[in-house]
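Construct all of the structure, not just a fragment, from the sequences and the given hints.
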Amino acid sequence: MTAAPLLSLAPDLVARARRLAAEAGRPVVDMARSHTTVSVERATLRLAGLTGADPDGIPWVNRLVDAVAEQTGIEHGVAAPVFHALARGEHPDLTRLAHACAAGGVRFELPSGEALKTARGLARAAVGEGLDRIDAQRRGRAEMVAEVGDPPQRPWIYLIVATGDIYEDMPQAQAAARAGADVIAVIRSTGQSLLDYVPEGATREGFAGTYATGENFRLMRAALDETSRELGRYVRLCNYASGLCMPEIAALAGMNRLDMMLNDCMYGILFRDINPIRTFVDQRFSRQIHAKAGIVINTGEDNYLTTADAVEAAHTVTVSQLLNEYFAHEAGLEDDLLGLGHAFEIDPDLPDSFRLELAHALLARQLFPDAPLKWMPPTKHMTGDVFRGNLLDGFFNLAGVMTGQSILLVGMMTEAVVTPWLSDRDIALQNVRYVLTAASGLTEDFRPPPGGFIAERANQVLGEAVDLLERISDDGLLNAIAEGTFGIMRRPADGGRGLGGVAERADDYFNPASEALDKDEETDR
Amino acid sequence: MSRIVRPYGDTTGDGMVQVSFTLPLAHDKRAEGAAAQLAAKMGLDNAIVVHAKAIGAEHTFFIVYGAARHLVDLDRVEVVERDYPLLSPKAVDDLVKERLGRELCIVGACIGTDAHTVGIDAILNIKGVAGEKGLEYYRELRVINLGAQVAVPDLVNRAIDETADAVLVSQVVTQRDAHLHNTREMAAAFREALPPDKRPLLVVGGPRFDERAAAELGVDRVFSRGTTPGDVASYLVHRLIAHDTGRPAADAQQRGETTA
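Just so you know, the sequences run in chain order A and B.
Heads up: the first sequence is residues 61 to 585, going by the working numbering.
Heads up: the second sequence is residues 832 to 1091, going by the working numbering.
Treat the hints as calculated values from the structure; they're not laboratory data.
Just so it is clear, the structure is predicted and the values come from calculations on it, not from any experiment.
The C-beta atom is built at its ideal place from N, Cα and C for all residues, glycine as well.
Incorrect hints may have been included.
To be verified - If you want a taste of the chain B side facing chain A, the calculated C-beta under 7 Å gives, among others: (1) Gly887; (2) Gln980; (3) Val983; (4) Val1004.
This is the structure in C-alpha cells:
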C-alpha cells in the first residue's frame, strides 16, 4: 500500500537525506560485517536446535559459547569448533555436548582440512533446520492470514499486555483481541534487555512485564491463533528484539512465528547504555533474521521525544527513521516490514501543537509511503489528570487517522498513573473506535495547502534533518552518538555494556547462519 | 473561616463527588444495584449510577455520583510543608560559592531494574522540567547522572569516589512496591558503607512516593509528584549549607533575586 502524497516536499532534499543516511550508515555496516558477538554465536546455536538451561537457569547456548570463547575465541565463529567436537562422535547431540562441556570435559579446537569441511557441513545442515523452521512459520502465517483474513481497517490497533505471568497474559491478550486489538505486544520484564542470556521456559515472575522466552512466544502465539480463528481476523503478536540478546530473541521469534518485533538501530545504545558496536553487530544479524521471517520491525524513535523536546528534536526522529531504513534495507528488510516509529509528544500547552503534530506525522508518512508506520501515543505530557489525558489521546487518534498511520499504539488516559486497568483499556478502545468511525476517511479530504503552516513546518524539519545528517556523515555516526546527538545521551563507542562479548572476525570466520542469510539477501537483489 | 470542609459540586456543602470503578459482574440490574450498594458503603448519600457499561461478558464499568457524608477537619490534615526557602539558581550558586567554597557534588541514578529515567532526567538534565532548568544548569553544582538500572553497590562506590554531597535516586516503577524495596536497600547500603558524618544526603523521588515516609525508608528526604529542580536545589542548599540557622538562606534568596 503506497500512501498518496499529501505534502509538497522538495524532492531533491528527500533524495539528499537518503544519500546522507547511507553515507553515515555504511561504515557502521562495514563494522557490523567484520565483527561477531557472543549473542550472534548463541543465536546460531539456537538455530541449530540447542535449547534448555542448566540447573541454575543458564542456557546451554551460553555455557557452550562461553567454553568455546575461552578455548578458541569467538572470532572464528563457534560453529566450526562446536561441530568439530560433535563430529568426534563422543556426544550424540548438541545438548549432550553442552552437558559434557559444562562438566569441563570437552576440548574445543579449530579444525582444518577435511575435518573443517566435515564440521562446516554438519553445522550448515543443523542451522539449516532452524532456518527451515523460520521459513515454515512464515508460510504458516501467510496461510493463516489467507484463511482468517487481516484486520478490516487501518491503522491496526496495537495494545500492550504486561502481567509478568505468561498464563495471566494469555487470557488478557485474548480478551484484548476480542475487544478490538489487532496487535498484542507482550511487554518484557524490566531489566531483561540487560540480561546477557535469554531465560528458558514458561515464566510466571516478571517486573512490569513478562520475560521473552522461546516457550512464552510459543504459548502466546498458540493462544492468539485460537482467538484469530474465533474472531475471523489474524491477531498479530509483538515482542522486543532489543538489549544484549537481540540476535537470539530474533531467532526465537522467527521460529515461533512472532509477527512484529521492536528493533531499533540505536535504542539500546542510548537508553540502555549498551555498547554501540555490540548493538550494531547484533542488530544487523537480528534484522536479517526478521527479513527471513517476514517479521515487521518496530523502531523506537518515539523514545527520543520522551527525553528531548518534541519540537526542537523533531528532526532527530526523521534522521533516526532514515538511518533505521538504511540499516533495515541493508539487512534485507523490504519497505513493507519497516514499522518506523514516531510519536505524539509535543507539549499540549504550546500554541498550534496539534498542527505541528500533523506536520511531523505527515512528513513521516510521505517520506516512507510504503512502510507500516507505527504511531505512538502521548506519554511525556500525560499527568494524573486522566480527563485531559483522554482528550489528548483523542487528538492523538485523530492525527493518526488524518495522516494515514499504519499501526496505532493505543494511548491510555492513566499513562503515568497506574499500569492500565481493564476499564482504562476499554475507555481507550472506545476513544479509538469513535475516532476511526467518525473520521477514518479524512485522509481523503485533508490536503494541507502548499506554503501553509503544516507544509512549511514539514519542510523545515526535513531541512533540519538534512543538516544534521550532513554533520553525522562528516563526523561519523559513532562519534555523533558519543557526542549526545540523539536523545541528549552521550554514548562513546568504547563504553557501555556488552563490549566484552564483541570480537573482530578472523579471516577464517565461519557462521552458517550468516552465510545463508547473506546469500538470501544477494538473491533477493 | 470554617476548619471543616466537604466536597463542592455546585453548591457549598453539597458534598458531591464522582467515582468510577469496575465490578466483576455481568451488566444487569443486579450489577447496577451492587454498584449503588458499594457507593453507599463508601460513604455516598443518594448515590446515582449515571453510567454502566459491560466490558466483555464478566465485568461492568460504573460511574457514580453522590454526596459524601464525610467531613474533612483541616486541623487534622497532615502534610509535609516545604520547610526551606525556595531559591533561584543564582541564589543557590552564590550560597554554594560563599559558604562551601567548592562545587557541591550530586550523584543521581535510577536504581534496581527501573529503566525510567524521566524523573531523574527532569531534575538533573539541563533541559529540566516545567520551564525550570535542571541541576546541570547550576554553575556551582557538579552533577553526575548515572542513568538507568544502576546497581546499588555501584551507586555507593561512585558516591564515595566522587565524595558526593548528595545522592538523588528516582524510582518510577512501583510494581510490587519495588520503589520502596529499592530505596530501603539503597539507604541500608549507604549506612553500611559510611559513618553518619561522611554519608551523603540521601534523597529519593518518584510519582508514587509518600513524602512523609523519609524516616521509615531511611533517607533524608522524599519528593513526590510535581517536584521541580528548583525544589531539589533549594532543599540541598538548605540542608547542606544553610541548615544551621535557616535565616541566611532566606536573606540570600532576596539578595540573589535583587541582583539577578
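Status of the hint placing Val1004(B) at chain A (closest C-beta pair under 7 Å): With Cβ-Cβ at 5 Å, under 7 Å, it holds.
Status of the hint placing Gly887(B) at chain A (closest C-beta pair under 7 Å): holds, 6 Å
Chain A contact restraint for Val983(B) - C-beta distance below 7 Å: This hint is violated: Val983(B) lies away from chain A, its Cβ roughly 14 Å from the closest one there, beyond 7 Å.
Closest C-beta approach of Gln980(B) to chain A relative to 7 Å, hint status: holds, 6 Å
The structure fails to meet hint 3 from the earlier list, while all remaining hints are met.
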